[in-house]
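Combine the two chains into a complex, taking the hints into account.
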Amino acid sequence: MKDITCKLLVIGSGPGGYVCAIRAGQLGIDTVIVEAQKPGGTCLNVGCIPSKAIIHAAEEYEIALHHAAGTSPLGISAGAPKLDFRKTIAWKDGVVSRLNGGVAGLLKKARVKVVQGWAVFRDGKTVAVDTETGVQVIRAETIVIATGSAPVELPFLKFEGDVISSTGALALADVPRRLAVVGGGYIGLELGIAFAKLGSKVTVVEALPRILATYDAELTRPVAKRLGELGVTVLTGAKAKGLSAKGDALLVEDAGGGDQKIAADKVLVTVGRKPLTEGWGLEEIDLAMNGRFIRIDDQCRTSMRGVYAIGDVTGEPMLAHRAMAQGEMVAEIVAGHKRSWDKRCIPAICFTDPEVVSAGLSPEEAKATAPEIKVGQFPFQANARAMTKVAEDGFIRIVARADNHVVLGIQAVGQGVSELSTAFGLAIEMGARLEDVAGTIHAHPTQGEGFQEAALKALGHALHI
Amino acid sequence: MGEHVIKLPDVGEGVAEAELVEWNVKVGDLVREDSVLGAVMTDKATVEIPSPTDGEVLWLGAEVGDTVAIGSPIVRLKVAGDGNVVESDTATAKPENSPKADLAAVEETARLEPAVVAKSPESKPVSKPASAKVLAKPALSGAPRPEGERPIASPAVRQRAKEAGIDLRQIAGSGPAGRITHEDVEAFLVRGPQTAATAGGLIRNNTVEDIKVVGLRRKIAEKMSLSKSRIPHITYVEEIDVSALEELRASLNKDKRAANGLERPKLTILPFLMRAMVKAIAEQPQLNAVFDDEAGIVHQHGGVHIGMAAQTPNGLVVPVVKHAEARDLWDCAAEVIRLAEAARSGAATREELSGSTITITSLGAMGGVATTPVINHPEVAIVGVNKMMVRPVWDGAQFIPRKMMNLSSSFDHRVIDGWDAAVFVQRIKALLETPALIFMD
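Respectively, the protein sequence lines represent chains P and H.
If you're matching positions, the first sequence starts at 4 in my numbering and goes up one per residue.
If you're matching positions, the second sequence starts at 10 in my numbering and goes up one per residue.
With the rest of the complex left out, here is chain H (with noise of 0.2 angstroms):
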């Protein structure tokens, strides 16, 4: 432990005195490199402080108010390491308002090895004499040693820390004469230069946990990799006014019973939208496809066979939703909820889980505002439903609250140009807004 003085620094050229105006910190306090102290004003301009180290503040050297001459040692801080004062250049220093004993004292304190020093009444733990139980775990560093002074340290020593990217004057040495060890530079590596006492707790945590990627993640990973890296994906967002979809949805699911007694599923907004895009695919049949383009052939199915990324405690999944063209809004409903279940135990088969021919992907109340969707791979589209939210809407004289709802839905731009992109998701859009048209032929 030693003492660092923090001197008032040059504050503006021709300015030999400045006006404290402002003590941020209080004697006691713990300081960290950088954080303001206080703050001076000269005629021109306020300037603050900054603590050069980390420390804990010992002495103020002046009252707000008081004019202090450039130069003077206004703060002291106790300070990790050596501190400063062994070569406090007394030459420049113009102590007005320091009391000189105490500087002398200080002085003395610093001029001590480190050894004896540690012999002095110091409770915190960082400040145990050096000794073969420090060297086992070595006393962390702040300020080092005097400004100017070469680190000691063993030639492989200096060499572990440039190649860490470590200035060796950073670190406080646990050995004999300060000398750096390989187990400082460790610790810097872990800890960092503050101390635990001087860093009020906070440590970093440089621990790395190899983790490998196997099974489905890594399934997921080459498939990522796979569609971001050959697909050029366009996203394209629109909102949605789902306000008369969530209606009917709403009246639909009030009356559970169908006419051939059984139980309805409850009905969520992605039957409505797999119904949607099956209308909107009718008419833009090149979006429900797979492109093969090694071969250089798009396969365009008939079927419309929607994939539903779905969440797992493994990863994500996408079971799928066959010939939705061929399942009414009920069928649809019921088949996303078997599949969900199935996938999220695992049940869900190979055939289950492949054959899509355009996806859909539902983060449901996460949904956030806007995603940029990746295309499930050789897929050409992929529609992403974003969270529903009440907005305010100008309808042409106020604002009306509407349930709105955006769509981020991304595409194959090498087969799919922009405004086909475009004229599809305005399609489903129009079909959600007046749902009723989902129902017509």
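With the rest of the complex left out, here is chain P (with noise of 0.2 angstroms):
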């Protein structure tokens, strides 16, 4: 097969990789990537979106469930709901078809090569692609790394049979009866609510005190108090030990050291997700490592001229915006315009229910930053959209330097918060202080005027509450 050379060569299409060459196109870079599955990464396929999908289809169907048993306040009652999975599966992979589509049409219209398969390094500048019909040597000017993450597998709970990570849950042809999820972050939650709204009967074991650890107790409270309504039972401080010898049970050691059996048809594992550190040849290239990730520095550069990474393979957060922020500013470096990582948030959203958003530091870690610090927390309960679309629980926090006003951080817990995020990641990107936030106009009624209060409270002179 005739040998490809290029200027820049992107290898991974997940979610940094494909911004990356998009913006590369656009700038008129020749530019090739490299994809093993389809376009998209973990994120479009087996990540974010289809999760969100099947976490909306169990919205529904729990509202339909309460209009059954006349249990809403709204005055609607309706026949009992019935769920066929095996559709709902296949519209949330029409959705994700859709977006395979889509990416690679924004790729194809950017001018950007897309050569399917597993590729290799043979060195720092060139790289051997196993595609359907050969061996596809590409020699690049310039390569990026976006080969992104994978699911951690436990020695004694290995991805097989009736033990699933993340992407078996997205693709069960059945809602399971007894499902028990093995690590409560937010992974582990967010798939672990919606089996338990299709009807699942879910178990959490978390080996840390508490769920969602790496938030704050007080935002992630709500989410507590929601599981328990919708009968999740959460054993914290507590070791998954491996299966039971019939395979029916996941063994427990509890908090206070007793063992328990933990009856489950499916056992989910999301004890966190690993850099894709192999399988590629990075012994080949022999990059300095931070870590488990590939080092970079503020310009996503490696410690090898020429080769660049981007996203989950280079560190936390493993999020796809971080990708793709850090993709589309290699591409612009390739294309020789300054640009280095300068961002001031990256916001992170757990799509439970309720939702939680935190862009920007937490009270505890802006104390580290800061001499003294303003806090100023307004509750959902008195605001009145929320109050009209049943969404009370929650409140939208906001976090800010004593001596200045700057806002360093913003958190939020709360029904449909995460489209706050943007509102959140703006005035900590424009250096806002309290005063820019509660002297914005928020249109009302919304949820998002809690935001607003919530820096009129941390000034002092909060108007409703």
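These are calculated hints, taken from the structure and not from any lab test.
Take these hints with a grain of salt, some might be off.
Once the Cα atoms are required to be at most 27 angstroms apart in a straight line, the calculated DSS-like pairs of lysine-lysine come out as [as the list claims (entries may be wrong)]:
no., chain 1, residue 1, chain 2, residue 2
1, H, K237, H, K331
2, P, K116, P, K10
3, H, K275, H, K288
4, P, K204, P, K95
5, H, K171, P, K10
6, P, K204, P, K244
7, P, K128, P, K5
8, H, K171, P, K346
9, P, K341, H, K171
If you want the footprint, here are the derived chain P segments under chain H, 3+ residues with CB under 8 angstroms [what the hints assert, rightly or not]:
no., stretch
10, 332-346
11, 429-436
Residues of chain P placed beyond 10 angstroms of chain H at every Cβ, according to the derived structure [what the hints assert, rightly or not]:
no., residue
12, T8
13, G31
14, H59
15, S80
16, W121
17, A248
18, L285
19, G318
20, I349
21, E367
22, H464
23, L466
Here a beta-carbon is modelled for each residue, glycine too, at the ideal position from N, C-alpha and C.
Take a look at the structure:
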């Protein structure tokens, strides 16, 4: 097969890789992208997108159950809903495949050449791609590693049979009657809550003393409360030990040291993700590492000249939007623009019920950086729109420096608050002060008004509380 | 306005204290970044203490002769921006010599918001309170914020700064809480990091005026580019003893009446040079030529048409003394004067400004020691006249004062070898040094 020579080669077409390639194409750079599977990476195929589809279906189903049970305060009652889960999965697959096509179309429009196959480095400028039709050698001036990450597997709970990863959970044929979730982080809880709403009896096993341990306890409390309402059993401080001999239960050592047997049809293991640093010839180019991750500088350059790395393979937070921003930046650097990583925050969202958003620093983190801080918190109980949505649980919290009122962090928990992440991120990137947020008219009635009120509260003059 | 405390830096391995041996500044002085504040001496060496920033000296923490511990505050500067006093890490500072009350006061001041600080009786115009006025005319910067603190700026401002190659940490923001605005970045680009107050009235001038290159200037530009890009020049500089020539010239200039009663023109050195060139060219005709390099033909001319580069108000023009071989000294002189005047007044005709086969360039008293003349394309040689001056010359027994003048001549090395160029210049040298030879046939 004739060798391909290009200016820029991107390995992996996840959110980081495809954004990098599209931007490079826009900038007139001769770009090739290699992907072994469908374009879009984990996010689009087995992560963010399909999980959000399942979560949405679960929400709808749960509401319908309420209507059927006559417990809706809105006065709506309806017949018992029926769930055709195979159809749900097919619909989810349809969404994913539309987006696959979308990414492919965008790459084509940007004149990016897509090579289908698994890439392995030969040296810092050359990659061999194992394609359906043979080995394709690609030589590039610049290479961007965007290989992403994969679910962490536990040695005593290997992904096989009824032990599944998040990928497996998004492709189940039926809703499991009993689902054990090992790992109470955001992935486990998002899926656990969704399956609970779809009818599974869900048990979450978390080794740490509380769920969503990367967020502060106050922020996650409404989620814990809701888990109780949904009948999800949460075992904190508990360790998963393995499957029972019959394979129909999860063995757990609980917080008290006692052994428990949790009957489960499926065991979902969501104990984190690991950077994908194997199988593509990292050893051939011997890049400097930062722990498990590839070490990068503020321009995403690795220790080898002309080799960049972006996305999950480069470190936490392993989030699609971080990878996208890195990809865009790298493309512009390759085009000769002056760019470096100067982002002030990478908002993070848990699509649990209720949703959790965090942008910037939590009060605890802020205390470590600023001598004195101000915190303003506004509960949705005092928000008109939240009342009209039966979504009074949760709050918006703003953290600022006490001396100059510069906003350091914004968190929220509540129904639908994920959409507020844009406002939070913008405020922090723009270097907003409390007065800026307080002085911006927030349309009424919206949950977003809570943002303005939180800022007013921090300034000492909230109006609606 | 903030305060910047300078501590005695670690001056060497294992040195715990040092003797202050010199102050280069006193209280009230304005200092620039990197200017030397003073010097300390250890048993190993004397070490200068540079200022890390621009500012005004408020306080000196030791007398000459004092022994100062490493890490002790030794100088306090008043600087634009917040200074470094907020994070004056008392952990490492050992303020033995510094009055503690002072430091506390400094910290107090620096912790306050800029707007509040400005209310203190500061008289410097740059310390106006952060108001709408200041936004319109941003306060300039010095050491804008405590070290390590991230500048506050919107993504668009950050990108603008990145593209302009500016480190935002250098800029003091004029916006609320010190936020850096687009105006701050532009002001920094124009004026640089110094404020008018701290830079002693010196400000950077970053204005750029765009001047269209048109008319004669464009012609000159094109001609020079053509000449320098097409012709591989070889330049040869030789000195000429013009003492004899100058004597002859002086005596000829004494008698201004010719035999026929007409007034004679004043002789400069040019007519002599022209006649010498005519003679040299007679022996080396290949130097009096135009080279059509596209056709690959050297047109060797019989007539010696000498261009003379002349400065006019609009720029360089080259009027041509036609047929120098057929003009005597006086005729050459008269033609030079006439053409120079015509060129200067703009009255020179097209014919008078073209057709040269070799060129002389002379800047007269401005001629310098040596030049690298640019050949008047498509000619193959140009002779440059440098400044005449009296220099000591060794005559074998002693130094004697002689009137010396250099000729800097360039040749088209494609068609003129270095040897031939040297022979040509040496021939002219011989003629000018013994001017009688010019008039012998």
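Please work out if K171 (chain H) and K10 (chain P) have their alpha carbons no farther apart than 27 angstroms. holds (24 angstroms)
Starting from K116 (chain P), check that the Cα of K10 (chain P) is at most 27 angstroms away, please. holds (12 angstroms)
Say whether it holds or is violated: L466 (chain P) keeps its Cβ farther than 10 angstroms from all Cβ of chain H. The claim holds: L466 (chain P) sits with its nearest Cβ about 22 angstroms from chain H, beyond 10 angstroms.
Can the restraint linking K204 (chain P) and K244 (chain P) be considered satisfied, given a maximum Cα separation of 27 angstroms? holds (20 angstroms)
Measure nothing beyond the straight line between the CA atoms of K237 (chain H) and K331 (chain H); if it is 27 angstroms or shorter, mark the hint as holding. Cα-Cα ~25 angstroms, so holds.
Taking a Cβ-to-Cβ distance below 8 angstroms as contact, does the stretch 429-436 of chain P have at least three residues touching chain H? Per the Cβ count (4), the hint holds.
Check on I349 (chain P) being off the interface with chain H, judged by Cβ distance over 10 angstroms: holds (13 angstroms)
Given the hint that K341 (chain P) pairs with K171 (chain H), does the C-alpha gap stay at or below 27 angstroms? Holds: K341 (chain P) and K171 (chain H) sit about 6 angstroms apart, inside 27 angstroms.
Was G318 (chain P) rightly flagged as not at the interface, with every chain H Cβ beyond 10 angstroms? At roughly 20 angstroms from the nearest Cβ of chain H, G318 (chain P) sits farther out than 10 angstroms, so the non-interface label holds.
Would you say G31 (chain P) is clear of chain H, with no C-beta pair closer than or equal to 10 angstroms? holds (19 angstroms)
Should the label of H59 (chain P) as a non-interface residue stand, given a Cβ cut-off of 10 angstroms to chain H? holds (32 angstroms)
Need the status of pair K204 (chain P), K95 (chain P): alpha-carbon distance at most 27 angstroms? Judged against 27 angstroms, a Cα distance of about 22 angstroms means the pair holds.
In summary, this structure violates none of the numbered hints.
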